[in-house]
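Protein chains in written order, with our numbering: chain H, 5 to 294; chain Y, 862 to 1138.
Hints are supplied without guarantee of correctness; some may be wrong.
[Said to hold, decoys possible] Below, a list of computed lysine-lysine pairs in the DSSO-like style, where the Cα atoms sit at most 30 Å apart:
1) K968(Y) - K1026(Y)
2) K290(H) - K978(Y)
3) K1026(Y) - K978(Y)
4) K871(Y) - K290(H)
5) K1026(Y) - K965(Y)
6) K290(H) - K965(Y)
7) K871(Y) - K1126(Y)
8) K1026(Y) - K1126(Y)
9) K968(Y) - K1126(Y)
10) K1126(Y) - K290(H)
11) K965(Y) - K978(Y)
12) K978(Y) - K871(Y)
13) K968(Y) - K290(H)
14) K968(Y) - K978(Y)
What the hints contain is simulated information worked out from the structure, not anything from laboratory work.
Model, not experiment: these values are computed from the prediction.
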Amino acid sequence: MSTKASRSAARLMISPAVALLLMWMIVPLVMTVYFSFLRYNLLSPGDTPWTGWDNYYWFVTDPSFQDAIWNTLRLVGGILLITVLGGIGFALLLDRPMFGTGVIRIMVIAPFFVMPTVSALVWKNMFFNPVNGVFGNIAKSLGFQPIDFFAQIPLLSIVIIVSWMWLPFATLILLTALQSLDQEQLEAAEMDGAGWWNRFWYIMMPHLARAITVVILIQTIFLLSIFAEILVTTNGGPGTATTNLTYLIYVSSLLQFDVGMGSAGGVIAIILANIVAIFLMRMIGKNLDA
Amino acid sequence: MARAVSTRQKSINTAIAGTLALLMFFPILWITILSFKTEEDAIRAPLEILFGTGWTTESFAAVQARSDYFKHFTNSVIISVGSTILGLMIAIPAAWSMAFVPTKNTKNVLMWMLSTKMLPPVGVLVPIYLIFRDFGLLDTRFGLTIVLMLMNLPIIIWMLYTYFKEIPGEILEAARMDGATLREEVLYVLTPMAIPGMASTVLLNIILAWNEAFWTLNLTAANAAPLTAFIASYSSPEGLFYAKLSAASIMAIAPILIMGWFSQKQLVRGLTFGAVK
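Please take these sequences and the hints and turn them into a complete structure.
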């Protein structure tokens, strides 16, 4: 039971966190929205006139914007496909009885802890490099022409690098969910003559559905913001082949110093992320009541 | 009831899972091996590297000599530990009050805090960059610490809240009945019980801050650059020096790999905001 004193103490204790987050959210957000309506380039000092929707118009009609949206969708879609399917497979496998469970689990999960710049550079140089990379060497020893990953399949290369990091995440979450499944249910089904596929499809999958949704939503939030992997490998190229929305905004704001244009892109990115966030928040909110 | 599983079945499972696990782990294993080779050996064919070359630690020394590795390592430690401690100082009182003195708004406040995490960083890149420029915070450890603290604050509060929630409120009431003040209650009753939860919160947040690669790349140059940015400087042309790149990479990821292995379980709770336990 809370007293009046403890209630006011509680309010006092929560206020720094609320104030800070409010500031962190509102101030830059208002600035971004405001800048997005100005003609504002850091390279041309002077006044920054109001231009209405011009920045949005130019940003959206730029061909690289359409490329960026398309690339973002393919990146997110491709990585989700690999990590969710792979994650289900790994989780089912790791859930089975075996020797050395701890070691095997650690090896699978380890890539998640590798910082993005390291994984990107390691894949780029040690694996994708057509001359000295591991894949190039394997191809040569089998008598094939090595693939020049970043020239021939740039976007897929990024998908591979990022999937390597997120597959362990999906595995870890799905494995945790799988382990909370009531074993007796499975045994009962088995005794009733349900085969492996039926047990998987009618018992495990419904149980996993929630965790899979959570994995998809959380990963989407993070994957919309892929940046470091692109910066250190392809710089968005060749052309705009690996430019996603995040990278495009980075280019217009910090490389071309076009504050107005970058901000307009930022507002678009926020709106896109919010569409995903609404669904995620609803799921988490439901869990909070339970 | 545990099912009896034959040793044969178990061995087959182990073989399949072990092979796949080794494939996943292979890039890390590979750079570990390369980091102990000379530059000439590191670009040989994989089988030659494995079976036909000697070992050396010269790359580690070279990385330190050439690019001042320890400065960036120190930056990473200061920024990740600093942002976590700062975050804890703000989050502990907030999580405490929401867990033990909930009001009808608590759920909304929690959800709102979480929603700040959904904001894509690139959406506020321009204003943050300009604020940093105007206040002279660009390329400072202080500025980066603050930003990473704010980035992770919702996760810290959220994790602490779920851990505090699991502590029975009756114990706190009993302490209050015995005349404990609020300060004593938090310090001597709550804190000891919350230590395991707080430890995993700390661990997860250090990991997240250590690996953060958007703000660290955009807001730092030479001085405050943590390891994420330091490694990015290897993108060219030093990236062609495989042994040195490997040594630098291993040194950058080793501390976090070790911490990560200890915090697997908490990771699930922290990264799914309690939606999967």
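Each hint tested on the structure:
1. K968(Y) - K1026(Y): The given pair, whose Cα atoms are some 13 Å apart, holds under the 30 Å limit.
2. K290(H) - K978(Y): Judged against 30 Å, a Cα distance of about 18 Å means the pair holds.
3. K1026(Y) - K978(Y): Since the Cα atoms of K1026(Y) and K978(Y) sit roughly 21 Å apart, the hinted pair holds (cutoff 30 Å).
4. K871(Y) - K290(H): 39 Å, violated
5. K1026(Y) - K965(Y): Holds: K1026(Y) and K965(Y) sit about 16 Å apart, inside 30 Å.
6. K290(H) - K965(Y): 16 Å, holds
7. K871(Y) - K1126(Y): Roughly 24 Å between the alpha carbons, so the hint for K871(Y) and K1126(Y) holds.
8. K1026(Y) - K1126(Y): Holds, at roughly 18 Å.
9. K968(Y) - K1126(Y): 25 Å, holds
10. K1126(Y) - K290(H): The given pair, whose Cα atoms are some 22 Å apart, holds under the 30 Å limit.
11. K965(Y) - K978(Y): Cα-Cα ~22 Å, so holds.
12. K978(Y) - K871(Y): Not OK: K978(Y) and K871(Y) at ~42 Å, beyond 30 Å, violated.
13. K968(Y) - K290(H): 11 Å, holds
14. K968(Y) - K978(Y): 16 Å, holds
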